[in-house]
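2 protein chains.
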Amino acid sequence: MTHEPDQLYQAVQATRPLLRHITAAVERGSLRAGVTVGQRAILEGLSLTPGATAPQLGAALQMKRQYVSRILQEVQRAGLIERRANPEHARSHRYWLTPKGEAIITAIRADEMEKLALFSEAFSPAELAAYHKVQLALNGFFANLAKEV
Amino acid sequence: MTHEPDQLYQAVQATRPLLRHITAAVERGSLRAGVTVGQRAILEGLSLTPGATAPQLGAALQMKRQYVSRILQEVQRAGLIERRANPEHARSHRYWLTPKGEAIITAIRADEMEKLALFSEAFSPAELAAYHKVQLALNGFFANLAKEV
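Just so you know, the sequences run in chain order V and B. For what it's worth, our numbering labels the leading residue of the first sequence as 198, then goes sequentially. For what it's worth, our numbering labels the leading residue of the second sequence as 198, then goes sequentially.
Simulated from the structure, these hints should not be mistaken for lab results. None of these values were measured; they are calculated from a predicted model. Please note that a few of the clues may not be correct.
Unchecked claim - Some chain V residues judged to face chain B by a derived CB distance under 8 Å, without partners named: (1) L205; (2) T212; (3) P214; (4) L216; (5) A221; (6) K312; (7) L313; (8) E324; (9) L325; (10) A327; (11) K330; (12) L342; (13) A343.
Said to hold, decoys possible - Each computed DMTMM-like pair below joins lysine to aspartate or glutamate, with the alpha-carbon atoms no more than 20 Å apart: (14) V:K330 <-> B:E324; (15) V:K312 <-> V:E224; (16) V:K344 <-> B:E224; (17) B:K330 <-> V:E318.
Glycine is no exception: its CB is placed at the ideal position from the N, C-alpha and C atoms.
Could you build all of it, start to finish, from the sequences and the hints given here?
This is how it looks when you write it as structure tokens:
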């Protein structure tokens, strides 16, 4: 057994605590801006795909239909999004950020990116590129392993 | 905004699907060896700390007490571990792998490490070292952010 797999195993094992810390940190930042972490996700989704329907948001964010519906109601009541009838389907709606919703998600994302930029300064461009490359490759690798018989 | 934070943001966002794929892949490998993913975790825990108590295993694996108790009973019934009275505390026990349990977790871990070693071959030692370095640094970074007021 060489050194590399042990090191890689340790890094892979760090994925679970990392996700817990990311979720807690994103939640902390969202709450400072006055929204929950679920509301932040919906606002980000609508900022990436303006005019999305609820099922489209659910699919993009991998969230359950009822959870998406509940959060859409919350952020609509708070004046952060608005809905319009979907001309293609009766009884369905498309959703857009209001200027207030746009301002909130822009501020949250700017804060997150500023923090990541500060973090990045401790690493070389080659190290960051390697992290990105290995992380995405691991994603595909484990997705394939999970499908293997 | 420079290029690096965007790239890093994308890699960080891959953490959630990655954990899902890792869990599914580890489960697939465990089931092939005849144990559940929870049983695999307990066997690995006892292989790293032979003679551990149930509370020690729960703390090391971040599992709830009742879940640990249930799995310990399962693997004991399957003849994969054995327990002995804890001389330090009446009513508490210490747990050890049996030769059969040892063989199973050794085979599972060897298979996992072999797969990771194959994966590693596509990357340079510098890339793998960078992945390890950035992954552990992100863990500390987000843990601190989560605590920030």
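Okay, the hints, checked on the actual structure:
no., hint, result
1, L205, "5 Å, holds"
2, T212, "5 Å, holds"
3, P214, "6 Å, holds"
4, L216, "5 Å, holds"
5, A221, "4 Å, holds"
6, K312, "7 Å, holds"
7, L313, "4 Å, holds"
8, E324, "4 Å, holds"
9, L325, "5 Å, holds"
10, A327, "4 Å, holds"
11, K330, "7 Å, holds"
12, L342, "4 Å, holds"
13, A343, "4 Å, holds"
14, V:K330 <-> B:E324, "9 Å, holds"
15, V:K312 <-> V:E224, "14 Å, holds"
16, V:K344 <-> B:E224, "11 Å, holds"
17, B:K330 <-> V:E318, "14 Å, holds"
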